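K.L.:
Sequence:
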Amino acid sequence: MSLLGKEKRQIITKAVIGKGKRFTEASHTISPHHSPSSILGCWVINHHYKARKRGDFVEVSGSYDINVWYSFNDNTKTEVVTDKVTYSERIPLAIKDDNCITDDLEVIARATQQPNCLECKINDSGNKILVEVEKEFIVEVIGETKVVVKLDPHGYVETDDDFDYDELEAELADVNPDVSSSSDGESDR
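Take 1 as the starting number for the sequence shown in the numbering used here and just add one per residue.
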């Protein structure tokens, strides 16, 4: 008979109790020091973020730098302009399990698509730079929950009957522990 005459047990474990995913595109306007003639390059760097659970969603807040290399004075000079962008996004939890037994939750956020420049162009007035950036996050909420397992009425019995220890000993006796020595430099073929 099992503990207290029951055939089931409850196990407390940590498990994923919520998941969400979100892809976003954002437009940014950068004001360079000079009116640009052409865009020579654009890249997004220094991405940092943190996440926390808020109700039925996870809030991811962070920042990244947009660097734009451009020419000015009729393409005779170049300069790099940097703009720091901050953001805060709500990622809804598409999968939720309310069977959590504590309020102590762990939130894991992963950027599956780091912020990346999709398009960089000069605006129609010719004095600003327009940048389109994409990014994607996957979030998971981890909490303690209970798992119910059914017990085997006969119990678990570990047996070594199927294993032949004599055969193992015979194989190990043939092993040469000094692999660096060789009689005449030949290897087994």
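Please keep in mind that the hints were generated in silico from the structure rather than gathered at the bench. Keep in mind that this is a model prediction, so the values were computed, not measured. Glycine included, each C-beta is placed from N, C-alpha and C at the ideal position. Any given hint could turn out to be false.
As the list claims (entries may be wrong) - With a Cα cut of at most 27 Å, we get these calculated DSSO-like pairs of lysine-lysine:
1. Lys84 - Lys146
2. Lys146 - Lys77
3. Lys6 - Lys150
4. Lys128 - Lys14
5. Lys14 - Lys53
6. Lys50 - Lys84
7. Lys21 - Lys53
8. Lys96 - Lys53
9. Lys96 - Lys128
10. Lys121 - Lys150
11. Lys121 - Lys77
12. Lys84 - Lys14
13. Lys21 - Lys146
14. Lys21 - Lys77
15. Lys8 - Lys150
16. Lys146 - Lys19
17. Lys77 - Lys6
18. Lys14 - Lys150
19. Lys50 - Lys121
20. Lys121 - Lys8
21. Lys96 - Lys150
22. Lys6 - Lys146
23. Lys53 - Lys146
As the list claims (entries may be wrong) - Computed spacing ranges between beta-carbons, pair by pair:
24. Val147 - Arg90: 27 to 35 Å
25. Ser63 - Val147: 35 to 43 Å
26. Thr78 - Ser125: 14 to 22 Å
27. Lys96 - Ile12: 14 to 22 Å
28. Ile101 - Thr29: 18 to 26 Å
29. Tyr156 - Val16: 23 to 31 Å
K.L.:
Does each hint hold? Answer for all of them.
P.N.:
Taking the hints in turn, this is what the structure says about them:
With a CA separation close to 44 Å, the supplied pair Lys84 and Lys146 exceeds the 27 Å bound. Distance restraint check for Lys146 and Lys77: the Cα-Cα separation of roughly 66 Å exceeds the 27 Å cut-off, and the hinted pair is therefore not satisfied. Taken as a hint, the Lys6 and Lys150 pair is honoured in the structure, with Cα atoms around 9 Å apart against an allowance of 27 Å. With a CA separation close to 50 Å, the supplied pair Lys128 and Lys14 exceeds the 27 Å bound.
Under the criterion of a C-alpha separation no larger than 27 Å, the hint pairing Lys14 with Lys53 is consistent with the structure, at around 16 Å. The hinted pair formed by Lys50 and Lys84 meets the criterion: a straight-line CA distance of about 17 Å does not exceed 27 Å. Annotation: proposed proximity of Lys21 to Lys53 holds, straight-line Cα distance about 14 Å (limit 27 Å). For the proposed pair Lys96 and Lys53, the alpha carbon gap of about 12 Å is at most 27 Å, so the pair holds.
Between Lys96 and Lys128, the direct Cα distance comes to roughly 44 Å. Violation of the 27 Å bound is thereby established for this hinted pair. Under the criterion of a C-alpha separation no larger than 27 Å, the hint pairing Lys121 with Lys150 is inconsistent with the structure, at around 63 Å. With a C-alpha separation of about 18 Å, the suggested pairing of Lys121 with Lys77 holds against the 27 Å cut-off. Taking the CA atoms of Lys84 and Lys14, the gap is about 37 Å. The hint is violated against a cut of 27 Å.
Pair hint Lys21 plus Lys146 holds up; C-alpha atoms about 25 Å apart against a cutoff of 27 Å. For the suggested pair Lys21 and Lys77, the alpha carbons sit about 43 Å apart, so the restraint of at most 27 Å is broken. For the suggested pair Lys8 and Lys150, the alpha carbons sit about 4 Å apart, so the restraint of at most 27 Å is met. For the hint pairing Lys146 with Lys19, the CA-to-CA distance comes to about 18 Å; that is within 27 Å, so the pair holds.
As the CA atoms of Lys77 and Lys6 are separated by approximately 81 Å, the hinted pair breaks the 27 Å bound. Taken as a hint, the Lys14 and Lys150 pair is honoured in the structure, with Cα atoms around 19 Å apart against an allowance of 27 Å. For the hint pairing Lys50 with Lys121, the CA-to-CA distance comes to about 30 Å; that exceeds 27 Å, so the pair is violated. For the hint pairing Lys121 with Lys8, the CA-to-CA distance comes to about 65 Å; that exceeds 27 Å, so the pair is violated.
Proximity of Lys96 to Lys150 is assessed by CA-CA distance (about 25 Å); at most 27 Å being required, the pair is judged to hold. For a cut-off of 27 Å, the pair hint linking Lys6 to Lys146 stands: about 16 Å separates their Cα positions. For the proposed pair Lys53 and Lys146, the alpha carbon gap of about 21 Å is at most 27 Å, so the pair holds. Take Val147 and Arg90: their Cβ atoms lie about 30 Å apart, and the range 27 to 35 Å holds.
Between Ser63 and Val147 the beta carbons are some 39 Å apart, a value that agrees with the proposed interval 35 to 43 Å. The hinted range of 14 to 22 Å is satisfied by Thr78 and Ser125, whose Cβ atoms lie roughly 21 Å apart. Between Lys96 and Ile12, the C-beta spacing of about 19 Å keeps the proposed range 14 to 22 Å intact. With their beta carbons about 48 Å apart, Ile101 and Thr29 fall outside the hinted range of 18 to 26 Å.
Tyr156 and Val16 have their C-beta atoms about 28 Å apart, which keeps the hinted 23 to 31 Å range intact.
Hints 1, 2, 4, 9, 10, 12, 14, 17, 19, 20, 28 from the list above are not met by this structure, while the remaining hints are.
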